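Here the structure of chain H is known, so what remains is to put chain W in place on it, guided by the hints.
From first to last, the protein sequence lines stand for chains H and W.
Under numbering that gives the first Met the number 0, the first residue of the first sequence carries the number 0, and numbering increases by one thereafter.
Under numbering that gives the first Met the number 0, the first residue of the second sequence carries the number 0, and numbering increases by one thereafter.
Bear in mind the hints are in silico, worked out from the structure with no lab data behind them.
It is possible that some hints are incorrect.
Unchecked claim - Straight line, CA to CA, 20 Å or less: simulated EDC-like cross-link-like pairs of lysine to aspartate or glutamate: (1) H:Lys16 <-> W:Asp112; (2) H:Lys168 <-> H:Glu61; (3) W:Lys298 <-> W:Glu281; (4) W:Lys39 <-> H:Glu38; (5) W:Lys16 <-> H:Asp112; (6) H:Lys93 <-> W:Glu6; (7) H:Lys144 <-> W:Glu38; (8) W:Lys144 <-> H:Glu38; (9) H:Lys39 <-> W:Glu38; (10) W:Lys272 <-> W:Glu262; (11) H:Lys16 <-> W:Glu101; (12) W:Lys93 <-> H:Glu6; (13) H:Lys93 <-> W:Asp9; (14) W:Lys16 <-> H:Glu190.
Said to hold, decoys possible - So the derived label-pair ranges between C-beta atoms look like this: (15) H:Glu261 <-> W:Arg105: 49 to 55 Å; (16) H:Ala286 <-> W:Ser96: 35 to 41 Å; (17) H:Ala237 <-> W:Gly50: 39 to 45 Å; (18) W:His115 <-> H:Lys233: 53 to 59 Å; (19) H:Ala20 <-> W:Arg105: 22 to 28 Å; (20) W:His222 <-> H:Gly50: 48 to 54 Å; (21) W:Ser127 <-> H:Lys294: 37 to 43 Å; (22) W:Gln289 <-> H:Pro19: 55 to 61 Å; (23) H:Ala141 <-> W:Glu295: 50 to 56 Å; (24) W:His115 <-> H:Gly50: 33 to 39 Å; (25) W:Glu295 <-> H:Lys170: 51 to 57 Å; (26) H:Gly94 <-> W:His222: 39 to 45 Å; (27) W:Asn174 <-> H:Lys16: 20 to 26 Å.
Given the structure is predicted, the values throughout are model-derived calculations rather than measurements.
We treat Cβ as the ideally placed atom computed from N, Cα and C, and that holds for glycine.
Protein chains: 2
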Amino acid sequence: MSVKESELIDWICTHSKLDPATVPLGPGDDTAMVMCGSEKLLVTADQVLDGVHFILTEHGPEAAGRKAMSRNLSDVAAMAALPIGAVSTVAMPKGLSRQDAEALFRGMRTAADPFHCPMVGGDIGAWSGPLALSVTVFARPAGIKPVLRSGAKPGDAICVTGNFGGAWKSKRHINFLPRINEARILACRHELHSMIDVSDGLAWDMEHICKASGMGAEIIADHIPIHREAKADKAPGAALNAALNNGEDYELLFTLPASHAEELLKSQPLSVKISCIGNIVEGKGIAMVQPDGKKEELKPVGWDHQT
Amino acid sequence: MSVKESELIDWICTHSKLDPATVPLGPGDDTAMVMCGSEKLLVTADQVLDGVHFILTEHGPEAAGRKAMSRNLSDVAAMAALPIGAVSTVAMPKGLSRQDAEALFRGMRTAADPFHCPMVGGDIGAWSGPLALSVTVFARPAGIKPVLRSGAKPGDAICVTGNFGGAWKSKRHINFLPRINEARILACRHELHSMIDVSDGLAWDMEHICKASGMGAEIIADHIPIHREAKADKAPGAALNAALNNGEDYELLFTLPASHAEELLKSQPLSVKISCIGNIVEGKGIAMVQPDGKKEELKPVGWDHQT
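Bound conformation, chain H alone:
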């Protein structure tokens, strides 16, 4: 997301008059929440565009379908919710074959099936533009209170699942498995104060939690789990920079009371490793603690899809 887009979203949020009785959670978190009669309904919509989020000639239509679905499921994971269904619209270049179109929908279903998320509708239109896929996923809390971005508290430990950086060096930005089960396990066992999925980049998404919570963060450089695919670049600081700013890791970034984090790090209840990378502090902005003990301000770099 470029700064301009984020400004536009701010503008939209500011201009939306939402009634908290019917829309308990409006734009600005990983999903929105609306009341469906007596039930809470979570909704998220996201698109993938040829040349931005995937390269059709390189990745193929099945990968495009998979990524479109998985990105949305990752937003559902960030709320610790369970998907109940998906719809999609596809703007299909006129040259695409029937086989390509089938591959595209197979990709969506392949991504949705492990989470019992049925595809229930949508629209296909042929046009002269490039391939654009839009997916909306709706979900329900299913017994777990949705974890928002805005609940981080001073003293919270900041934790992450998995490793960061270099997602575009392999096809990890496409082939990732949304952390829906992991999020539910974490939120069942522990009082999570805030959570987000890392799509824009670890630094940028940390900033999202800080801003939404009215807090600051202290990150310990040495504690950031760097993906092996980000370590190929041997220039000084390049690997750390990639881990902080590449984005599209689709891992969970969450905060919880420090005492809970200790137990969590020890027990490691997930099949993916949990790391503690710092703490929430009063104030604002992100301070990065270097190995020599020096603190530097960490400025998130505008998100760039590496293309």
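Just chain W, lined up with the frame of chain H:
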């Protein structure tokens, strides 16, 4: 929708394994229905594409936003349901200004506001392709059983709201008001057996009801209410042809017991005129009764956006 797209949608429907306990209504109607805990949730997704559903340079971004939202609300109307919220994704050409983007969202809100349908989220992405807007609207039955396409019965009267044809001659295909209130009034007063909104064209959407219901239809040519904008073309049969095949009228097409229809035509409970254009019959296909009493088979013409 071209025949190819409709075949593809058939393929998707065939390959979707849906559990009726969680998805009471899958793809193929105006909306899908999924269970959200104990509540029924209706969902519809539709897109508008520059050069297909609107011409950005001619209609402008606000019109594009309005049409994207209204098309979905028209699908909600076809179920006699009430919208509870909307999300949208926008693939925005890099050249578009901030003002254009704001106009676009203003258009969406202008269309949604009269129906108390809050916009609760979405995604904006800049790209080198043309403008593409995708909107998903979710709705609830709100005390009225959703009216499906599949319930038409032999002997049913076939009725419509409003007039047909020539929607692209003015900006009626953009500036229409979705028939949400009209549908709710009709469904409250009468036992509607089936309903659809006319987007693909009167003939084509009649065919959708016939196929979904396993029925045929007899349409009386003289009874079809032709919009004045379709009457400009004085060639023999041109106006009737436009009314049957132009599409994008976004009026309601519904069937109900003939005895109810008589009362309905007399009382005219809506601010828009209701006409009775024929009857549902056993069998399949649509027969058109000409003024001289001759019956001809009516073949829907492939939908074309007049562009």
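Between the alpha carbons of H:Lys16 and W:Glu101, is the straight-line distance 20 Å or under? holds (16 Å)
Agreement of H:Lys16 and W:Asp112 with the hint, judged by alpha carbon distance not exceeding 20 Å: Roughly 10 Å separates the two Cα atoms, so the pair holds.
Is it true that W:His115 and H:Lys233 lie within 53 to 59 Å of each other by Cβ? Distance hint for W:His115, H:Lys233 holds at roughly 58 Å.
Would you check the hint for H:Lys93 and W:Asp9, treating anything up to 20 Å between C-alpha atoms as holding? holds (19 Å)
Hint consistency between W:Lys144 and H:Glu38 [alpha-carbon to alpha-carbon, up to 20 Å]: Measuring from Cα to Cα gives roughly 18 Å; hence the hint holds.
Lying within 35 to 41 Å: is that true of the beta-carbon distance H:Ala286 to W:Ser96? Given about 37 Å between the Cβ atoms, the range holds.
Is it true that the C-beta distance of W:Asn174 to H:Lys16 lies inside 20 to 26 Å, as the hint says? This hint holds: roughly 23 Å between Cβ atoms.
Cβ distance range 22 to 28 Å for H:Ala20 and W:Arg105, holds or violated: At roughly 25 Å between Cβ atoms, W:Arg105 and H:Ala20 fall inside 22 to 28 Å, so the hint holds.
Holds or violated: H:Lys93 and W:Glu6, Cα atoms, limit 20 Å. holds (15 Å)
Within 39 to 45 Å or not, the Cβ separation of H:Gly94 and W:His222? Because 43 Å falls inside the window, the suggested range holds.
Holds or violated: 51 to 57 Å for the Cβ distance of W:Glu295 and H:Lys170? holds (56 Å)
Sort out whether W:Glu281 lies within 20 Å of W:Lys298, counting only the CA atoms. Cα-Cα ~18 Å, so holds.
Comparing the model with each earlier hint shows a violation of hint 14 alone; every other hint is respected.
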